[in-house]
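The lines below spell out each chain.
There are 2 protein chains.
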Amino acid sequence: MGNEPDILNNMLQELRRGTLVLSVLSQLAKAQYGYSLIQSLEEKGISIEANTLYPLLRRLEAQGLLESKWDTEETRPRKYYLLSPLGEDIYRRLCAEWKSMAQSVDRLIEG
Amino acid sequence: MGNEPDILNNMLQELRRGTLVLSVLSQLAKAQYGYSLIQSLEEKGISIEANTLYPLLRRLEAQGLLESKWDTEETRPRKYYLLSPLGEDIYRRLCAEWKSMAQSVDRLIEG
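Chains as they are written, first to last, in the numbering used here: chain H, 1 to 111; chain U, 1 to 111.
Restricting the straight-line Cα-Cα distance to at most 30 Å, the calculated cross-link-like pairs of lysine-lysine (DSS-like) are: (1) U:LYS99 / H:LYS30; (2) H:LYS69 / H:LYS44; (3) H:LYS44 / U:LYS99; (4) U:LYS30 / H:LYS99; (5) U:LYS79 / U:LYS69; (6) U:LYS69 / U:LYS44; (7) U:LYS44 / H:LYS99; (8) H:LYS30 / H:LYS44; (9) U:LYS30 / U:LYS44; (10) H:LYS30 / H:LYS69; (11) H:LYS30 / H:LYS99; (12) U:LYS30 / U:LYS99; (13) H:LYS79 / H:LYS69; (14) U:LYS99 / H:LYS99; (15) U:LYS79 / U:LYS30.
Cβ pair distances, simulated, as ranges: (16) U:GLU74 / H:TYR54: 53 to 59 Å; (17) U:ASN3 / H:TRP70: 26 to 32 Å; (18) U:GLU4 / H:ARG107: 27 to 33 Å; (19) U:ALA62 / H:TYR35: 39 to 45 Å; (20) H:ALA50 / U:GLU43: 41 to 47 Å; (21) U:LYS99 / H:GLU42: 17 to 23 Å.
To be clear, the hints were calculated from the coordinates, so they are not data collected in a lab.
Glycine included, every Cβ here is placed at the ideal spot set by N, Cα and C.
Could you put the whole structure together from the sequences, leaning on the hints where they help?
As structure tokens, this is what we get:
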């Protein structure tokens, strides 16, 4: 038998991790940089740490789901990310899957 | 850039994986054996393969969330699984997290 708080925390983490890509993509129909994205997710109830988000943004860009561009007008240059056409397509499919899965899970836990 | 169908499939899989433990626990307030559990999840829209479910059931039992007992009355002995008191507690907490997370995600994708 394992340690109870660890077991629960791992399960909660796994539950949240599943929706992370969907959550991030949902906010990138308009260009955002890392910190503004963390804030806009936080305001909507999704916590994500910088050291989780930054590698995820780089991975999504490498996979072709995001495009990025540097804004060097500011004192501190910022890298802005935006959905690519492929990213928009994948985001739509993830949304469809999410809706159907969330309905099923709601039925399960109310049944 | 990766391969598009693989990227999408991995993301869909990650999305579903997050709710798997919650889905399985939701069906074990009454005792079920592996195959009956696959069927009851399937009827409610959640597909899970036997070679994913059986190791998961053994892991949840090892973690103390499930209790099991063999029914040897049948021609083919069957192992029945049921939530333990710890399992009931963890299930309730996962449900609460699910509801709050699902609301947040719904807000994100509709916003």
